[in-house]
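I would like the entire structure built from these sequences, with the hints used as guidance.
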Amino acid sequence: MKTKNFDYKRILIRISGIIIFLVLWEIAPRLGWVDKVYLQPFSEDFLALIELVVSGKMLPHLLASLQRIGLGLLLATIIGIGLGLIVGYFQRINEALDLLFQLFRQVSAFALFPVFILFFGFSEVSKVGIILWASLWPVLLNTSSGVHDVDSVLIRSVKSMGANKIYIFFRVILPATLPQIFTGIRLSGSYCVMAVVVAEMIGAKRGLGYLVFNSRESFLYPNMYAGIIMLAIVGVVLNFILVAVEKKFTSWKIA
Amino acid sequence: MTDIIKVRARSVSRKFQLKNRQGKSRPLVVLEDFDLDLKEGEFLTLLGPSGCGKSTFLNILAGLDKADGGEILVDGNPIEEHSFDRGIVFQSYALLPWRTILKNLEVGLEIRGISKEERRDIARKNLERVGLAAYENQYPHQLSGGMKQRVAIARVLAYDPGLLLMDEPFAALDAQTREDMQIELLRIWEADKKTILFVTHSIDEAILLSDRVAFMSTQPGRIREIIEIDLPRPRTEEIRNSVEFSRIRKNLWSMLQDEALLNQSYGAFI
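Here the protein sequences line up with chains A and B, keeping their order. Taking this note's numbering, the leading residue of the first sequence gets 755, the next gets one more, and so forth. Taking this note's numbering, the leading residue of the second sequence gets 5, the next gets one more, and so forth.
Careful, some of the hints might be misleading.
[To be verified] If you only want the chain A side, here are some residues facing chain B, beta carbon under 8 Å, derived:
1. Lys913
2. Asn918
3. Ile920
The set of hints was computed from the structure by calculation and includes no laboratory data. No residue lacks a Cβ here, since even glycine has one placed at the ideal position from N, Cα and C.
Dropping the structure here:
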């Protein structure tokens, strides 16, 4: 019983920050600290969100964004792991490309979006492309540094048993790198959610980013906040899923 | 022990390039004129101070490093990078942390393409040999250091190599566990008398385990003297307290001491 009480208290402490934030959001417009036209009390914006969900107006936006996030993250994961393994395994390639990758990583998806539009127009290619760009680097760089950090005694040990390079790569280097690969995918996931907003800012007809910007232009401010809340929920849920997957595949690690 | 030569090393040399802070490199001669014969079924220990090159020789013998000169023959053949006939036990256990204990024992068998059922059987049998059958589904991080080293030994025994190399395998263990492991190793070795090359800087460990102790000098590393340990086998815990044991210990101890004094002039370089 005692541990249960403790957990209850712990949960309360952990959500207290959110509660304080929401209370401030609720009272700030009511007490006139901010203009009510621009920021409504949280309850009103939350009701707007419920209404959008119940009326079915939210669904197409949510699905459109999820599809772009899913495709972008999938491509980033495949390309990132593949390239990361190659770069991490071959020291020379790593030396040649490291600075370039560090540079690319710093180029914001925002800055690059006009370039994508220039080449691919307002198509899905530019939207998924920008999400791919934003989320590729964490998984790629984590994978390559993971390969680099594999304990060399494990490789020496398996080699001394007569293992060939293929066995060493797939049975030692790859599993040893998995934890860092999953950390990379998790980071990439949160970048995806940020990038999807950028991708849907211009030239989209659907998506949560579109909902946010279009609502502002139409002076439907509660809907704008509803879109922002939805994006936060998507981000949290995606992170939750990725953490669960990460835990499942790295359960052998010392906690 | 037979008189068949398992390993024959002649005039082996190995240099490393060391870089100092100014970026200038100078050669460090680790092994030079290194000669050693290891007989089939023999337990031979390389004993010497830190940095004398004993691990370097073991690595070369294991195909993990290459000599710069000289010749090493194993069963009459030059060393190949890939071999199914040797096993190493490392000081740091080198167990694969994502595999269960049983799966760790299967690695060498997996590499040899042995079928799943057979692998499992052999692994179980060898895990029993080191008294850890109850731990087959645990992960390495759940085991103590001594248990991990038992698993590492069982893993090598599982694929039955002709030559067993042990690189200070008990150096990371606490004193009591270390002594237990030495007796355990003797017990395991008595069963099939594999050829073992054991590396240590502990005199007591070398005397207790070995048929012969090859005492190395350092900078450059070469065999200075080989001493037969004619303590009766099978050896037990009590042999540590025998008169003969202390006589051999005293003898080796004074040799090591001479070597240490000899090296003081090189101290700045190490």
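Looking back at the numbered hints, which does the structure fail to meet, lowest number first? 3
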